[in-house]
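Protein chains: 2
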Amino acid sequence: MALIEVSLLRIRLMLAVLVLGLFVLSAEARVRHYKWEVKYEYKSPDCFKKLVIAINGRTPGPTILAQQNDTIIVELKNSLLTENVAIHWHGIRQIGTPWFDGTEGVTQCPILPGDTFVYRFVVDRPGTYLYHAHYGMQREAGLYGSIRVTLPDGVPEPFPYNYDRSIILNDWYHKSTYEQATGLSSIPFTWVGEPQSLLIQGRGRFNCNTPGIEAGVCNATLPECSPYVLTVIPGKTYRLRISSLTALSALSFEIEGHNMTVVEADGHYVQPFDVKNLFIYSGETYSVLVKTDQDPSRNYWASVKVVSRNSTTPNGLAIFNYYPNHPRKSPPTIPPTGPMWDAVEPRRAQGLAIKARQGFIHPPPPISDRLLVFLNTQNRVNGYVRWSVNNVSFNLPHTPYLIALKENLTHLLDQTPPPDGYDFVNYDIFSVAKNVNATTSDNIYRLQFNTTVDIILQNANTMNPNNSETHPWHLHGHDFWVLGYGKGKFDLYNDPKNYNLVNPIMKNTVAVQPYGWTALRFVANNPGVWAFHCHIESHFAMGMGVVFEEGIEKVGKLPTSIMGCGATKGIPRP
Amino acid sequence: MALIEVSLLRIRLMLAVLVLGLFVLSAEARVRHYKWEVKYEYKSPDCFKKLVIAINGRTPGPTILAQQNDTIIVELKNSLLTENVAIHWHGIRQIGTPWFDGTEGVTQCPILPGDTFVYRFVVDRPGTYLYHAHYGMQREAGLYGSIRVTLPDGVPEPFPYNYDRSIILNDWYHKSTYEQATGLSSIPFTWVGEPQSLLIQGRGRFNCNTPGIEAGVCNATLPECSPYVLTVIPGKTYRLRISSLTALSALSFEIEGHNMTVVEADGHYVQPFDVKNLFIYSGETYSVLVKTDQDPSRNYWASVKVVSRNSTTPNGLAIFNYYPNHPRKSPPTIPPTGPMWDAVEPRRAQGLAIKARQGFIHPPPPISDRLLVFLNTQNRVNGYVRWSVNNVSFNLPHTPYLIALKENLTHLLDQTPPPDGYDFVNYDIFSVAKNVNATTSDNIYRLQFNTTVDIILQNANTMNPNNSETHPWHLHGHDFWVLGYGKGKFDLYNDPKNYNLVNPIMKNTVAVQPYGWTALRFVANNPGVWAFHCHIESHFAMGMGVVFEEGIEKVGKLPTSIMGCGATKGIPRP
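Note that the protein sequences, when read in sequence, are chains A and V. Quick note: the UniProt record's numbering has the first sequence finishing at residue 574, numbered continuously throughout. Quick note: the UniProt record's numbering has the second sequence finishing at residue 574, numbered continuously throughout.
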C-alpha cells in the first residue's frame, strides 16, 4: 500500500523534474491506491491481550493521507474466517458514489470472507475524517482509522501552524463484540459495563494487577501499551487533529498547562476559540492549535476522561514530550483529573461556542421544507431492550435500502412511512415512559430531492428513573448546520426563533445532551440512501437510527459488487 | 419445532384412530418441519462459561427423529450478528438435492446474518447420522446434533433391543474458534493445545480449581455440567447410538463392566462383534447393544478417553444408572482408565473386525475404473503451516464448486487437474519430508459418472520427527466400501490382493492410522460436487481435503437461495 503510494509520488516527482520546472506542480487530483487485509490478530493495546480486527496488522489502521479531490481506492480483502465486513468513510459525502458509503444493509451487502471489495471515492473537501467498520459492532473490535485530507498544493489554511498530527481517541473493552452483542440481545438484558480503558492513538494502560483476570493475558511491560508520546519542539504551533471513535464514552481531552484553540470541526473551519479541555463525542473530529510555549525542560500529561457517565473507566494518559526531553520521562506533576463527569453546562457551552469561521460561512437556507422531530427513547420490543426514534426501533432489511429502492424492490421493505414526530403534548421527557414498548421496522424517510430538512433530536428519560444519556448523532452523505441546542422539551413555536442562521457550523456528528435537544438543518441534495444514527456502537445495534432516501432516481447504475444478499443472489442479468 | 412435529404426529395418530384400524398405518413418507434459530449464547457445558453457537438455545442442537424416506425441512434462521453459517447433514447422501449438502464453498454460499435458509432433503436410509456446521470452524463452537432415521413402521431391525438412545461424544475447547483459527493462520503457527474436556451428550466437567482462570467463569455447581446420566432398567437390551464430533480427538468409549455388541456403523449393519471399549473417530457413528445384566444395586461409569495423542485432556465421565438407584449416586468403583493412548494395534483390529452383516451385504464392484492415492502430509505454504493431499493444500473458491461447474463458470476455478498420486518410489513416509513446501489450489477431481473409484489414503510423518497422526476422512454424498487397512507404505501391486471384496462394511467416515493406509472404493453415481476431507476441524481448515465432481450435467436447476457469493451476486436473471 505504502509502496504503491510512494511509487506514484516518485513517478510524479520524476515527471516534475523532467519538465525542469517549466510548469508548476500539477494541481490535478491523484489516485491513492491502498491494499488492505482485514484479519483477526492478538493485540494488547492496553496491555491486556485480546483478538482485534486489524488492517494490515494494525489497529488503528493505516492513516489515509490525501489532498482535496484525490480519488481513494481501497482494495479491502476480508480475511476473517466466517465473518463479513464493511467499512464506512466517515465524513466523506460520497457524492455520485452512494454505493461506496460502506454502510452494511443500507448501501451494500456485507463483504464475505475471502472476498476483495474495492471502494473508490473522491475526497472532495479538506479536513479531518475517519473510517471504521459499519457492520454489527466490529468498530469496537479495532477496525478504524484516520483520513486526513489536505488542501491542494499552494492553497494555505486560514490559520498558520508548523506541524500537523492526528490523534484518535477510543474506549476499549476486554470482552469481544460477540460477548457484548450476546448480552444486548438477551433476556434479561446484560450490559457489558464501562470500558476497561481509554486509548489515545491506540494505546492505553489497564492495571494488570486487577484481581480475577486470567493468568498470562495482561503484561504491563509490553512496548505496545506504553503511553502514546507526542514529541513536540518548543516554540512551535501544532495542529492536532483530535477525533473520537469511542464505543460508548463521551470524552474530555486536555494537555496539561496548554490551551487549545479550536479551528476545525468535522471538516469545517471554526471561528477560533480557546479551551482548556475539549469535549468530544464518538464520531466527531476537531482540529486544535497548541502552542508549545511552556517550560521546555519537562514533559506534560495529555489526558482523556469519560464525561456524561459516572464511569469506572480510568483516565487515559499520553505524554506531551518537549524535545529533547526523554520521551519516557514522566511529567513531574499529577495528571489532570479533568472536568466533573456530570457537569452538562460546560459541554453545552462548547457546543454553542462552535461557529463557522468568518470568511468560510456557508449560510443555511433561511427556512426548511420539512420538520422531523426525533424523540430518542429506550424501549422494549418483545421483551428485548432497544433504542428507538419516535417509538420505532431501527432494523436493517435483508436487501440493502439502496438496492431495494433503486431496483424497484420496495415490496421488500416496510412501506409504512415512519413517524415525523411524537406526541409532543403528552409525552413527558423527564420520566420513564408509561408504555415503554416500541415496534421494529425497516421503513425509511423519503425526502424530496433538493428540499431543506430540519431535524430536532429530542432526548428523554431512559427506562431508569432520573436518567438521560448523551447521544452523538451522525449523518451519512451530508454535512448539516447546527442551528441550536436547548434544555428540556423542544418548543416548536419559540425555540426556532433562537436558531443561529448567521454563522452556524456545519458538521456530520453532533451531540444531544441529557434531557436536551439539538436542532439541525440539511439540504437533501445527494442522491442516495443515507443512515442517520446514534454513533454509540451498542445504541445503533439496538435500533437507534433512521434512514433517508433522496433522489434515488438520480443514482447511477449500482455496481454488482455491493450485491449478494437478500433479493440480490443469483446469476446476474447480462 | 418440537411442537410442529408433535402436531404432525398427533394428526397422523388421529387419522389412524379415525379409520378404526381398517387400514394398517400408512407407510407413506412424512414431512418433518423444523424451525431453527442459530444464535450465540453463554453456556457452561463443562462448568466453564463461554459463548457457544446454539440452535434454539441448545448445544447439542435438537435431535432430528425421522423414518426412512421422510422429507426433512429445516428452516434455519441465522441470528449471529456478523457471522455466516451453513449446516451439513452428515451421512445423508442428498440424492437429487446436492445443493442442500450444506458445505459452504462446495455446495452453497454461506447463509448471511438475518437470513433464513430452507434445507429440504430426504433421509433415504435408516441409521445413525449427524448434523453440524460446515463453515470455518463453527462446529467446534457447539453447532451440532444427531439425526436418527428409523425403519418404516412394521419393518424390524435385524437385532432385537428394548430401548434406543443417542449419545454424541465431543471434545471441548475454552478458547473461541476465532482464537484458535487466528493461531492456525499465524506466523509462527500457534496451536491451541489439547481440548480442556470431553463431553458426553453435551456435558463434561472441567476442574474449576485450575489455577490462572478468570474469576467467575467456572462454576462446578451448575446443573448444566453435572454428568450425563443414562438411566437403564435392569434386564433389558439397549441400543446406544454412539457418535463422535470431536474437533481433534480420537476416542475410546466404554461402560464399566458391560460389553458392547457393535451392530451398526455409519448407517450400515455390522456383523455383530463384542468390544469392551469402542474406538470412535470424529464423524463416525456406531450402534452398540448393551445388556443391563450386571448387579442392579449400583450405578456404573461410562467413560471416554482420548487415544492416538498423548493428550492432557482428562477422561470424560457419565453415569450408567441402573433404575431405581439414584441417578446422582456415584458408582462405588474407580472409573475405568481406558486403553493405552499409543496402542495402535487394538484400533486397527477394531477397524478390521467391522464387516457388513450377513444378509445385508452390498457387494462392491470387483474392480475399479480409477485409482487415486492420497498422500496426507503436513506442509508449509508461504510460511504458513498447512495440511495437504499430494502436496496440494485445499482452498475453497469464491464461487462454490457446484455453482461454478453447473453454471459453466469453470474459469473461476484452477483448472489444472490435481494429482492422482504422489512419488511412490522416492517419498519416505517415515521421515520428515525433505521439502515440506506445498501449493494451495481450488482444483477438483472430476470423476466420470457411474465409474468405480478406489482411494488409498496414505498417512506419513508430519513436520515433527517420529510423528504421524490419525486422520478420520469423511466423504460427502456417498457411502464407500472399506476394502482394507495396512501399515507403512501402500504396495500398489500386493496390497490389493488382500482387499475384502466379500463383505466389506460401507461407511462415510474412516480413520487412517499413523504411518498406515486405508483403502476405499465407491461408485461415482450421485450427480453433484462432494467434499472428501479429514474430519478434524483444524485439519480441514488447514487444507486437508479434496473435492469430487460427478455427473454435473445431471444436476437439476440450482436454487437461487444457495447463491450470493463470488460470481453469483446481482439481480437474478428472470
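These are calculated hints, taken from the structure and not from any lab test. Any given hint could be a false lead.
Computed cross-link-like contacts, DSSO-like style, restricted to lysine-lysine with a CA-CA straight-line distance of at most 30 Å [as the list claims (entries may be wrong)]: (1) A/LYS49 x V/LYS49; (2) V/LYS557 x V/LYS35; (3) V/LYS557 x A/LYS175; (4) V/LYS329 x V/LYS49; (5) V/LYS49 x A/LYS50.
Rough simulated footprint, nothing fancy, chain V against chain A, three-plus residues with beta-carbon under 8 Å [as the list claims (entries may be wrong)]: (6) 167-174; (7) 437-446.
These numbers were taken from a predicted model, which means no experiment stands behind them. Here a beta-carbon is modelled for each residue, glycine too, at the ideal position from N, C-alpha and C.
A quick look at each hint next to the structure:
Distance restraint check for A/LYS49 and V/LYS49: the Cα-Cα separation of roughly 19 Å lies within the 30 Å cut-off, and the hinted pair is therefore satisfied. Our distance criterion of 30 Å between C-alpha atoms is met by V/LYS557 and V/LYS35, whose separation comes to about 25 Å. A C-alpha spacing of about 45 Å is found between V/LYS557 and A/LYS175, which places the hinted pair above 30 Å, so the restraint is violated. Between V/LYS329 and V/LYS49 the CA atoms are separated by roughly 26 Å; this keeps the pair inside 30 Å, and the hint holds.
Distance restraint check for V/LYS49 and A/LYS50: the Cα-Cα separation of roughly 17 Å lies within the 30 Å cut-off, and the hinted pair is therefore satisfied. With a cut-off of 8 Å between beta carbons, the region 167-174 of chain A has 0 residues touching chain V; three or more are needed, and the interface restraint is violated. Residues of the region 437-446 of chain A with a Cβ under 8 Å from some Cβ of chain V number 0, which does not satisfy the need for three, so the listed coverage is violated.
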